[in-house]
Amino acid sequence: MSAPETAALAPTARPGRRRRIDLLLWLCGAWLAVLILAAITAPVLGLQEAQDAAKTLLEPVYQPPSLGSAHPLGTNALGLDMLSRIIYGARVSMAVSISAVLIGTFVGGTLGVVAGYLRGTVDRIIGTLTNTLLAVPALILLIALATVLRPSALNMALALSLVAIPGMIRVTRANTLAFAQREFVTVAQALGAGRARIVFRELMPNVLLSVVPLCLVYVSALIVAEASLSFLGIGLRPPQPTWGNMIGEGLNGKMEDYPHLVYVPAAVLFLTVFSFNLLGERMRKRWDKREVSL
Amino acid sequence: MKAAAGKVAQLLVVMFLVSLGTFSLTSLMPGDPAVAILGDNQSPEAYAELRDKLGLNEPLVERYFTWLGHVFQGDLGTSMVPPNEDVTSLIGSAFAVSIELAVLALVVALVVSIPLAMISARRPDGLLDRAASATTFGIMSVPSFVSGLVLIALLVNQLHLFPRVGWVGVTDGLGQNLYHAALPVITIALLEIPTFTRVLRGDLVRTLQEDFVLSARAKGMPAWRIMIFDAFRPSSYSLITVLGLSLAQLIGSTVIVETLFSLPGMGRLVVSSASQGNITVIQGAVLVIAACYVLINAGVDLMYSVIDPRIRRVGA
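Just so you know, the protein sequences line up as chains V and W, in that order.
Just so you know, UniProt numbering puts the end of the first sequence at 294, numbered straight through with nothing missing.
Just so you know, UniProt numbering puts the end of the second sequence at 316, numbered straight through with nothing missing.
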């Protein structure tokens, strides 16, 4: 109902704007597709050395980016190729953040649906748990865990999932409250379905679908969180390249002389985070519109 | 009254769980915490002494209550790393720096976002609105360590406007203090401006469609007057929620900025303790930060009833 209204108000502005936004969306999607593809196929891409400084003794160090050369994005202090480090860094960032979001969505989603469906005491207990997790700021929680856990990719994913869980619980709980009133749940109850069946087969699929946009936003937030930790030197450590520790390499005065050390990974990080945010935002908007028109 | 009591009870439960989680951090450490803290090449006596000091020879539950008892007396233990300072005083001095940074950053963010939101809400989907929305969306995707480094490259290395690192306390002169705080504060404010602007703009657009705005307009009030005196207050509830959450989050989340600019705040204390495995400092810091978060949130809940009389009536 709202679409024809706005079209009547601004008949000329609408089509042009929509086309431009679509282009941006496609660009973001293309960037993520290329990045993910490169990250998956990294070992067979024939990239230059990314990790082992012993193999790059003859390579130039601190070479600035030049697209035609053997090192299109330049090299770092040890002569390691920046392009290859970016791609291997993407492997780590993406794998860790995406699996953290999947764990967070599954655990948080289950708890949220259970809380929203059963209500009562269970709801209160899960609510208190959520508040407790929210009481410690994400970065502090991660640093505290990093103090006691070994910095491996698995531990990192588990720690990061703790950041996504409370938000997921809240959103899925709110969605469940709405879905639990719908006819298909009543029908399932009338047909004698047990609680577990209603939670996992009726509610979960519907609720999880509606948190997909939130998942994308969490992926970008967790990419930043992971980068922040390795930037601070308490996440995954060199020689393992991550975007965060690559940016961290530019500290201590090196950025002034060799700005590409910082700008290359920072630009990649920005583009990726921006793309995930934009995708999430667009999906959320489309979703809202559909719910309104229903 | 009953609702308030329930709220207080929930706060206490949350704090209890946080303290439990914080305390059990030591048991998450792989292997012997004493070895993890001191490293491999120490005498057996040194390990035994540290184990004794950590209370590792007592049962877990007993240890927790001993620790909690000390915490209630304001004693968060001593640092694991020489010179073994008192954790409470370490946190006290770092806390002052962090809270100053957080409050200044929020003030700067509000000063920028309130006018920006008003300009955007004037003509929703207009040129200025779209420009502001695109800009804030872009800024939202810049992590603080990236924006901090870009600001350093521009304002410090190119224009020489601000000092690169260092901190001067308020006691050594307000001017110097603000001069050193400026760049970190701007970096933190950049994180908050997008959220504040978007939240306030959304609520303003909704308020501006209300009847009382229409009647004010019909009486011939200028648009800026309506915006500031009529529309702003009823549109500020979500902003206040976000503001409270931000303040609470910022006390711990200035970590990156404090590291970048070498400022002696909570974040830096936590990071340096983390790399040294200095668990007592981490425990103390997490506890203090969580307590702040819980208290500030309770404060925000109270604020609602002050600014919105409708909630007061329902609550009473």
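Wrong hints could be hidden among the right ones.
[Stated by the list, open to error] In silico contact screen, one side only, chain W against chain V (beta carbon under 8 Å); selected entries: (1) Pro143; (2) Val146; (3) Leu149; (4) Leu155; (5) Asn157; (6) His160; (7) Ile256; (8) Ala290; (9) Leu295; (10) Ile296; (11) Ala298; (12) Tyr304.
[Claimed, not checked] Residues from chain V that keep clear of chain W, each with C-beta distances beyond 12 Å, as calculated: (13) Ile36; (14) Pro64; (15) Ala193; (16) Leu209; (17) Phe270; (18) Val273.
Don't read these hints as lab results, they were simulated from the structure.
Cβ coordinates follow ideal geometry from the N, Cα and C atoms, glycine included.
Hint check:
| no. | hint | result |
| --- | --- | --- |
| 1 | Pro143 | holds, 5 Å |
| 2 | Val146 | holds, 5 Å |
| 3 | Leu149 | holds, 6 Å |
| 4 | Leu155 | violated, 13 Å |
| 5 | Asn157 | holds, 6 Å |
| 6 | His160 | violated, 13 Å |
| 7 | Ile256 | holds, 6 Å |
| 8 | Ala290 | holds, 4 Å |
| 9 | Leu295 | violated, 10 Å |
| 10 | Ile296 | violated, 10 Å |
| 11 | Ala298 | violated, 11 Å |
| 12 | Tyr304 | violated, 17 Å |
| 13 | Ile36 | holds, 18 Å |
| 14 | Pro64 | holds, 15 Å |
| 15 | Ala193 | holds, 33 Å |
| 16 | Leu209 | holds, 25 Å |
| 17 | Phe270 | violated, 6 Å |
| 18 | Val273 | violated, 4 Å |
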